[in-house]
Amino acid sequence: MKKNIIVFASLSFLVACSGPQSETVTAQAIKTYPEIEKLSWLSGEWVRNSLTDFSSEKWEKKNDSTLYGVGLTMEGKDTVAFESMTIEQKNNTLYYIPVVKDQNAGQAVEFALTSSNKNEWIFENPKHDFPTKIIYKKINNDSLYAEISAVREGKEVKVPFPFARKKIK
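Count along the sequence shown from 1, then add 577; that gives the number in the numbering used here.
I should point out that these hints are in silico values taken from the structure, not numbers from a laboratory.
It is possible that part of the hints are untrue.
As the list claims (entries may be wrong) - List time: in silico SDA-like cross-link candidates among lysine to any residue, alpha-carbon distance up to 20 Å:
1. 714 x 618
2. 744 x 726
3. 704 x 715
4. 704 x 681
5. 704 x 716
6. 744 x 647
7. 715 x 696
8. 744 x 716
9. 743 x 647
10. 638 x 674
11. 743 x 628
12. 743 x 667
13. 695 x 677
14. 635 x 719
15. 608 x 678
16. 635 x 685
17. 635 x 624
18. 639 x 612
19. 743 x 719
20. 704 x 741
21. 695 x 720
22. 743 x 637
23. 635 x 704
24. 714 x 689
25. 678 x 709
26. 639 x 669
27. 704 x 714
28. 695 x 715
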């Protein structure tokens with residue numbers, strides 16, 4: 578009797594282990610963001626000193642599809658401009674989305690990527706008053722040229738921002 582119980586238990590165990598699998602493994606697509614990855618070099622702090630003012634932008638990766646930054650410009654001890662900035666990949670398009678204090682009722686304004694190559698990204702929003710175009714150009718790993726521009730009264734107005742990567746001490 579004891580032998581029959583052991584044989585029965587062993588057979589039950591084998592049948593349970595070798596039965597058809599009811600679990601189905603579903604393949605999930607892993608979403609990638611290749612366009613935002615091309616801008617990963619932007620992470621870090623960038624500074625610009627001139628005779629009249631100081632500007633800074635600090636960027637970090639927020640998640641797989643988004644870079645987040647803050648920028649400021651100071652004249653002496655006065656902060657004359659402050660903005661938060663997002664570069665986000667939605668589907669296959671990049672958007673530069675600034676929120677500037679005391680402008681646009683504090684609302685975000687989207688600039689879509691209209692042109693890019695290995696070292697330059699041009700974002701535009703022709704419906705915005707100023708700027709209508711924002712350019713980021715990688716000069717090298719420690720040098721960045723940014724520019725905002727628009728056509729006003731028939732003339733193109735450009736504001737350049739040559740930045741250097743802030744050295745970590």
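Structure-based check of all given hints:
The straight-line distance between the Cα atoms of residue 714 and residue 618 is roughly 11 Å, inside the 20 Å bound, and the hint therefore holds. For the hint pairing residue 744 with residue 726, the CA-to-CA distance comes to about 29 Å; that exceeds 20 Å, so the pair is violated. Restraint check for residue 704 and residue 715: not satisfied, since their Cα atoms lie roughly 27 Å apart, outside the 20 Å limit. Of the pairs offered as hints, the one joining residue 704 and residue 681 holds, with about 12 Å between alpha carbons and a cut-off of 20 Å not exceeded.
Using a Cα cut-off of 20 Å, the hinted pair residue 704 and residue 716 is violated, with the two alpha carbons roughly 29 Å apart. Note on residue 744 and residue 647: the hinted pairing holds, with a Cα-Cα distance of about 18 Å set against a maximum of 20 Å. Distance restraint check for residue 715 and residue 696: the Cα-Cα separation of roughly 5 Å lies within the 20 Å cut-off, and the hinted pair is therefore satisfied. For the hint linking residue 744 to residue 716, the alpha-carbon distance of about 16 Å falls within 20 Å, and the restraint holds.
A threshold of 20 Å between alpha carbons decides the hint, and for residue 743 with residue 647 the separation of about 14 Å falls inside it, so the pair holds. Between residue 638 and residue 674, the direct Cα distance comes to roughly 15 Å. Compliance with the 20 Å bound is thereby established for this hinted pair. Restraint check for residue 743 and residue 628: satisfied, since their Cα atoms lie roughly 18 Å apart, inside the 20 Å limit. At roughly 30 Å between alpha-carbon atoms, residue 743 and residue 667 are farther apart than 20 Å, so this suggested pair is violated.
About 28 Å separates the Cα atoms of residue 695 and residue 677, which puts this hinted pair outside 20 Å; it is violated. For the hint pairing residue 635 with residue 719, the CA-to-CA distance comes to about 13 Å; that is within 20 Å, so the pair holds. For the hint pairing residue 608 with residue 678, the CA-to-CA distance comes to about 34 Å; that exceeds 20 Å, so the pair is violated. Restraint check: the Cα-Cα separation between residue 635 and residue 685 comes to about 18 Å, which is no more than 20 Å; the hinted pair holds.
Between residue 635 and residue 624, the direct Cα distance comes to roughly 9 Å. Compliance with the 20 Å bound is thereby established for this hinted pair. A hinted pair counts as satisfied when its Cα atoms are at most 20 Å apart, and residue 639 with residue 612 qualifies at roughly 15 Å. This hinted pair checks out: residue 743 and residue 719 have alpha carbons roughly 8 Å apart, not beyond 20 Å. As the CA atoms of residue 704 and residue 741 are separated by approximately 31 Å, the hinted pair breaks the 20 Å bound.
Straight-line distance between C-alpha atoms of residue 695 and residue 720 comes to about 15 Å, which keeps the hinted pair within the 20 Å bound. Taken as a hint, the residue 743 and residue 637 pair is honoured in the structure, with Cα atoms around 14 Å apart against an allowance of 20 Å. Under the criterion of a C-alpha separation no larger than 20 Å, the hint pairing residue 635 with residue 704 is inconsistent with the structure, at around 27 Å. Between residue 714 and residue 689 the CA atoms are separated by roughly 16 Å; this keeps the pair inside 20 Å, and the hint holds.
Between residue 678 and residue 709 the CA atoms are separated by roughly 18 Å; this keeps the pair inside 20 Å, and the hint holds. With a C-alpha separation of about 18 Å, the suggested pair residue 639 and residue 669 falls inside the 20 Å cut-off, and the hint holds. Taking the CA atoms of residue 704 and residue 714, the gap is about 23 Å. The hint is violated against a cut of 20 Å. At roughly 9 Å between alpha-carbon atoms, residue 695 and residue 715 fall within 20 Å of each other, so this suggested pair holds.
The earlier numbered hints that this structure contradicts are 2, 3, 5, 12, 13, 15, 20, 23 and 27.
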